[in-house]
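S.K.: Quick note, the sequences are listed as chains A and B, same order.
Under this note's numbering, the first residue of the first sequence is numbered 1, with each subsequent residue one higher.
Under this note's numbering, the first residue of the second sequence is numbered 1, with each subsequent residue one higher.
Keep in mind that the hints were calculated from the coordinates and are not lab data.
Predicted model, so just to flag it, every value in this text is computed and none were measured.
Incorrect hints may appear among the rest.
[As the list claims (entries may be wrong)] So these bits of chain B aren't anywhere near chain A, every CB distance computed over 12 Å:
id, residue
1, I18
2, S30
3, G78
4, Q97
5, Y120
6, G136
7, L176
[What the hints assert, rightly or not] List of simulated lysine-lysine pairs, DSS-like, C-alpha gap at most 27 Å:
id, chain 1, residue 1, chain 2, residue 2
8, A, K103, B, K22
9, B, K72, A, K42
10, B, K138, A, K103
11, B, K22, A, K42
12, B, K138, A, K33
13, B, K42, A, K103
14, A, K156, A, K103
15, B, K161, A, K42
16, A, K33, B, K42
17, B, K6, A, K37
18, A, K2, A, K156
19, A, K112, B, K42
20, A, K42, A, K134
21, B, K22, A, K112
22, B, K6, A, K103
23, B, K138, A, K42
24, B, K137, A, K168
C-beta: ideal position from N, C-alpha, C; glycine also.
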Amino acid sequence: MKIIKTEEITNLVERLSIEANCILSTDIYNGLKENLKHEKSKLGCQVLGTLIENADIAQAEMAPICQDTGMTVVFLTIGQDVHFEGEFLEDAINEGVRRGYEKGYLRKSVVKDPLDRVNTNDNTPAIIHYEFVKGDRFQITVAPKGFGSENMSGLKMLKPSQGVEGIKNFILETVSNAGANPCPPVIVGVGIGGTMEKAALLSKKALLVPVGEHNPDPKIAELETELLTQINNLGIGPAGFGGSTTALSVNILTYATHIAGLPVSVNLGCHVTRHASQIITE
Amino acid sequence: MEENDKMEITTPLLERDIAGLKAGDMIYVSGVVYTARDAAHKRMCEQLAKGEKMPFDFDGAVVYYAGPCPPKPGKPIGSVGPTTSGRMDLYSPVLIQAGLKAMIGKGLRSKEVVDAIVKYGGVYFAAIGGAAALMGKKVVSAEVIAYDELGTEAVRRLVVKQLPVIVAIDRQGNNLYE
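Go ahead and model the full structure; you've got the sequences and the hints to work with.
M.R.: The structure is reproduced here in structure tokens:
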């Protein structure tokens, strides 16, 4: 049995909240540089160049890459042989968010009630997803989600008869309707199958898959590649000013589903798509 | 963006400053701009409807749709890039009618906003969404002038030097996004 003090988790969430917001992940940074070589629009190239320069400034000064430092989404992978000691796990995570957003000079963007809309002033509560696995593994991923892209995401319960064509059409339609709003070049996270909420969660998790990596299932990997090409042919371009770089990556995750259903969720991530992870080994 | 071949305009803006701008032009904005997002727009429109004094003089003003990060010690402001403009579409026409000359944000605007731009004289600039650390460095000073309790959504008076933007909807209603 592995014992983890929840105080340690608070410290981790604090640090990862700051890192995720100030240091652009290497895969996205490299994706921007790679696309700069191929972007067909002059203005598009200038935008990509500006985004790279912005990421360099942010990392050098440990300043947020974007002012929208997101609603803090936390993914926990917990081995069933792990035991937590100390404060209640959820409280420990929220305390980490509170400290990280204060110490990192990050924006507090969360309102307590969706209708009353009064800011909690510390960016809590976080959205926390727990997944239990065998053994004593413990991994934490902090993925603060900006809402320019979150607002342009969508979910549809397709009919099984609509098949792959229906899936492709819905994904293309979602990205096309989003236009400049989600801050392209975007990361397109797709969840197919499961139930409604399972598809949504898969699409969020798909945003964590590194740019350039593909689904291990060859037919899904092929679909990712095909969709990326089709999305980049939409012409939306960097910042929506036109061009051939509309998405850096399309990542699809799937799950078993019901005989009557074909849920598809598209979660759009901006060109920052923040995430930082840590595994506690000992 | 490139440092050369760009025009610079200084606020407050007059009709002659914006009349010749064309959708797609890259320009620098310098001078005073006011930040305001959804919550501040809602309040400003309510005050305007009641005939109350507005937080700033709208005549020739520039509004920047942005909610900044808190400043680090010794800095005027934190990262400050544009938010999605479409959320302000409901409020913008009446503010343009009241004298607002330019808006800085990102993304599409409604037909009503384009119509108000053409009818009353205005311009919509797009800034690069997400390039917020870079934009924060263009801010010389910042102070909250209204709705302090809204936190990041308060109205701030920023003095900016060469804030890089692109003309998205020009005085004639031409649209870069189309």
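S.K.: Each of the hints needs a verdict: does it hold here or not?
M.R.: Status of the hints after comparison with the structure:
no.: 1; hint: I18; result: 20 Å, holds
no.: 2; hint: S30; result: 18 Å, holds
no.: 3; hint: G78; result: 5 Å, violated
no.: 4; hint: Q97; result: 25 Å, holds
no.: 5; hint: Y120; result: 24 Å, holds
no.: 6; hint: G136; result: 7 Å, violated
no.: 7; hint: L176; result: 7 Å, violated
no.: 8; hint: K103(A) x K22(B); result: 43 Å, violated
no.: 9; hint: K72(B) x K42(A); result: 35 Å, violated
no.: 10; hint: K138(B) x K103(A); result: 23 Å, holds
no.: 11; hint: K22(B) x K42(A); result: 17 Å, holds
no.: 12; hint: K138(B) x K33(A); result: 24 Å, holds
no.: 13; hint: K42(B) x K103(A); result: 31 Å, violated
no.: 14; hint: K156(A) x K103(A); result: 40 Å, violated
no.: 15; hint: K161(B) x K42(A); result: 25 Å, holds
no.: 16; hint: K33(A) x K42(B); result: 40 Å, violated
no.: 17; hint: K6(B) x K37(A); result: 24 Å, holds
no.: 18; hint: K2(A) x K156(A); result: 41 Å, violated
no.: 19; hint: K112(A) x K42(B); result: 19 Å, holds
no.: 20; hint: K42(A) x K134(A); result: 51 Å, violated
no.: 21; hint: K22(B) x K112(A); result: 43 Å, violated
no.: 22; hint: K6(B) x K103(A); result: 38 Å, violated
no.: 23; hint: K138(B) x K42(A); result: 24 Å, holds
no.: 24; hint: K137(B) x K168(A); result: 41 Å, violated
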